[in-house]
Amino acid sequence: MESSRTSQPHFVLKPIAAALPAIALLAGPLVSPVAQAQATLEEVIVTARKREESIQDVPISVTSVGKELKEASIRRLEDIQSFTPNVYIRNTAGIPGGAAISIRGVSYQETDKTLDPSIGVIMDGLYLGTSSGALLQNFDTQRVEVLRGPQGTLHGKNTTGGVLNIIRNDVTMEWGGEMILTAGDDGREDFRGVLNVPMIEDKLGTRLFAASINSDGWVENSTLNGEDAWGDDKLLYGFATEWRPTENFDIKFHYEKMEDETDTGAYTNMNQPEDLTCQLEGIFWPIGCQTSDTGSDQDNNSTNDRNTNDSEYDTYIVTMNWEFDNFLITSITGRREMNEEYRIEFDGSPANLLFFDYFNDWNQTSQELRVTADINDNLTVIVGGFYWDVGYEQRWNVHELNYTLELLGIPQGNPPFSLTPNSINYNGQNQNTTSYAGFASVDWDINDKWSLSAGIRYTYEEKDFKGGDGTFYENGDPVPDLNFEFFDDDWSEALPRIGVQYQYNDDVMLFASYSEGFKSGGFFGRQANFDIDPTYDPEFVNTYELGMKSTWANGRIIFNPTIFFNDYEDKQEEILIPIDLSNVATVVRNASTLEIFGAELEFQMQVTEAWNVRLSYGYLDAEFDDFVADITGDGIITDNSYLEPRNTPEHTIGVNTSYTMQIGPGELVAFASYRWRDEVQTIAGPAPIDPNPNSNDPLGQLDSIDNLDINLNYIWNDGRYRVTAYGRNVTDEREQVVTRIPGLTSWGYWSQGENYGVEFAFNF
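According to the numbering used here, the stretch in the sequence shown is residues -9 to 754, in order.
Because the hints were derived from the structure by calculation, they are not lab data. Among the hints, a few may not be true.
Estimated spans, in silico, between C-beta atoms of each pair [to be verified]:
#1 E669 <-> V308: 41 to 49 Å
#2 V308 <-> E164: 45 to 53 Å
#3 M310 <-> N753: 47 to 55 Å
#4 W165 <-> N215: 36 to 44 Å
#5 G216 <-> T424: 23 to 31 Å
#6 V308 <-> D471: 16 to 24 Å
#7 E327 <-> Y746: 34 to 42 Å
#8 D624 <-> Y448: 58 to 66 Å
#9 G167 <-> E464: 38 to 46 Å
#10 V432 <-> N159: 26 to 34 Å
#11 W165 <-> N544: 35 to 43 Å
#12 I400 <-> L171: 27 to 35 Å
#13 E669 <-> Y746: 42 to 50 Å
In the SDA-like style, the derived pairs of lysine to any residue whose C-alpha atoms are separated by at most 20 Å in a straight line are [unchecked claim]:
#14 K224 <-> D176
#15 K242 <-> T162
#16 K57 <-> E32
#17 K456 <-> T162
#18 K247 <-> L126
#19 K247 <-> T410
#20 K57 <-> D102
Just so it is clear, CB atoms sit at the ideal spot from N, CA and C, and this is done for glycine as well.
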């Protein structure tokens, strides 16, 4: 099926237009700089437009986190959110290495691979394609660029919310390396090492790397005699080899493997009186309700077993560059293979109600080929093509639930009432997705003041999906064949972007842009059977943006404000709806329209040579303008526009500061990172029982929270040695994310409390 659409930008941007004079006035009082040339901010280079540029010259909303990645408290991808306005990242329990990422109120927290991410995670040009395994460790990383807003023109597959672009460290062609040892609370024992090996002087070199990330876990299981849960158990290793046979050609091959046995969460009991887990308390098991479960709290859980995991990830990237007098040809070939086996205790309690075993295979291949040409001093053109193909297969076993339902007199087996405690409900899905895209971008410096940029990307995408209706077999017997139902469709879309840039003076630049984003439709696969149509439609977004990049006080201050408006059509929302007790399906509904107005501020100041301050602020005003759909499973279409969009905190604040003191033979560097997030909703719909007609499910509301991380570093011998004492979440604020299968079970997982450690680094 071809989808087409005519975009008619309607002037809903009155708040943006009203703010234009205010932004222009900012150029006045700050023009007189304070003359302290010896204390200036370092220039930051980014590749947000597929070429190296100063971040202050790029007329788009991008944040770069670079030197701060050396801090011991910044351990994973989620720790960069204090540097970036309107970015919210958390670990997603339920899949290995899962990342729930929200940028400007556009979020992706789904664990099933049949729903494409709204936020792209790209590593050295490779689009990762799914949230599983996307919560990358902060290891051997040069910088992370956060591009906010739709990035359909130049970056990977279509993303309606933004991109996290992760750039690994270079092959240096010189002997050298780094070793980092970390020890901390909850049995933290990490080792990370890098070694650069020159092979042919200035022409051939290899970078070897390895990391072992381990901890005992910070949750104790009260049912399993205090056994630790949700500790780290990751092994990552690989190499990058770069060959530069001539001055105008280079090729780099990157390979890495990750073996991950980290628990996929530690679920706590949130079962409510209306849940079957709670209703059968005292009949089938002694404890099922949240209120009865004294072994489940912030630091303890009570499930019958841990959410165990045994997964492997292999990543291959080949990057080639041919440089000529006035143009550059770049090829990026990528492949990622994922094999995941994990267990989920969905009832979150000691009850023998429901657990799943998952078996996933994912194989993706991508190819990007682009040409960057400097036509003359005023005109740069980028043209290219992108191919992405993934084959995905998932199988899962459902344990205990169907036998319990037969004990209650609800027929399940074939023939009915034939199940035993060892009966397994076997399910599965397969999907193949192929995406082709051609893109072009033009940047034209009209004169010394005005520049114009324009781009377009045409995408064609097709999906072939088959979902298996569940079948039963006895544990230990041969696994039966599934009865599949087949679905296929295709979509195509041309996405434009146009922007204008005005250079007020050497230090102040204003920019405005209009861009469109698109995410294809598909078929949601997490079903016990396909009584309901799993199809969902594409979503679209029109984004208007106005901002300023400015440098003040002889390079000591950066002040970058931005305002934007996102107008979504057919926004995809995944919702759990009860078909019956044995098939509580997740469906994707298209909300007709969602509007998000926002403002962002990025501020940096080199107060003195020793003291640096970095601040970010984000504001969001998000609401469904029209959301008419059946979101309860009763077959009745209702107006759900009163619901608050998920993961759209009204205010977010981040403050990062470092101070350096000369002490003895070295430097003492103190670093603090603080972030505050407003209250936020994480459940899309109302409560299943007596829903308040004016609110989301109250179990999905997270109150406002703040987090403070601190580091105290002592560095000596020209930076060769570093010892660090660190504290994470020293404010010890905790929050619990809750998920519900209506009528069946409710569970949650807590964020980690305060934890401390020490780190030693040796460079050579």
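Against the structure, the hints come out as follows:
Checked against the given bound of 41 to 49 Å, the beta carbons of E669 and V308, roughly 46 Å apart, stay inside it. For the hinted restraint 45 to 53 Å between V308 and E164, the CB-CB distance of approximately 23 Å leaves it violated. For M310 and N753, the Cβ-Cβ distance of about 30 Å falls outside the hinted range of 47 to 55 Å, so the restraint is violated. Between W165 and N215 the Cβ separation comes to about 50 Å, which falls outside the hinted range of 36 to 44 Å.
Roughly 49 Å separates the CB atoms of G216 and T424, a value that falls outside the hinted 23 to 31 Å. V308 and D471 have their C-beta atoms about 38 Å apart, which leaves the hinted 16 to 24 Å range violated. A hinted range of 34 to 42 Å holds for the C-beta pair E327 and Y746, which are about 37 Å apart. Checked against the hint of 58 to 66 Å, the C-beta distance between D624 and Y448 comes to roughly 41 Å, which is inconsistent with it.
Between G167 and E464, the C-beta spacing of about 54 Å breaks the proposed range 38 to 46 Å. For the pair V432 and N159, the beta carbons lie near 32 Å from each other, so the given range of 26 to 34 Å is met. Remark: the range hint 35 to 43 Å for W165 to N544 is upheld by a beta-carbon distance near 39 Å. Range check, I400 to L171: Cβ separation about 56 Å, and the 27 to 35 Å hint is violated.
Between E669 and Y746 the C-beta distance comes to about 28 Å, which lies outside the given range of 42 to 50 Å. Restraint check: the Cα-Cα separation between K224 and D176 comes to about 16 Å, which is no more than 20 Å; the hinted pair holds. Among the hinted pairs, K242 with T162 is consistent with the structure: their alpha-carbon atoms are about 12 Å apart, no more than 20 Å. Of the supplied pair hints, the one linking K57 and E32 holds, its CA atoms being roughly 10 Å apart against a limit of 20 Å.
Distance hint between K456 and T162 is unfulfilled; the C-alpha atoms sit about 47 Å from each other, more than 20 Å. Taken as a hint, the K247 and L126 pair is honoured in the structure, with Cα atoms around 13 Å apart against an allowance of 20 Å. Of the pairs offered as hints, the one joining K247 and T410 is violated, with about 41 Å between alpha carbons and a cut-off of 20 Å exceeded. Between K57 and D102 the alpha-carbon distance is near 34 Å, which puts this suggested pair outside the 20 Å criterion.
This entry does not satisfy hints 2, 3, 4, 5, 6, 8, 9, 12, 13, 17, 19 and 20, going by the numbered hints stated previously.
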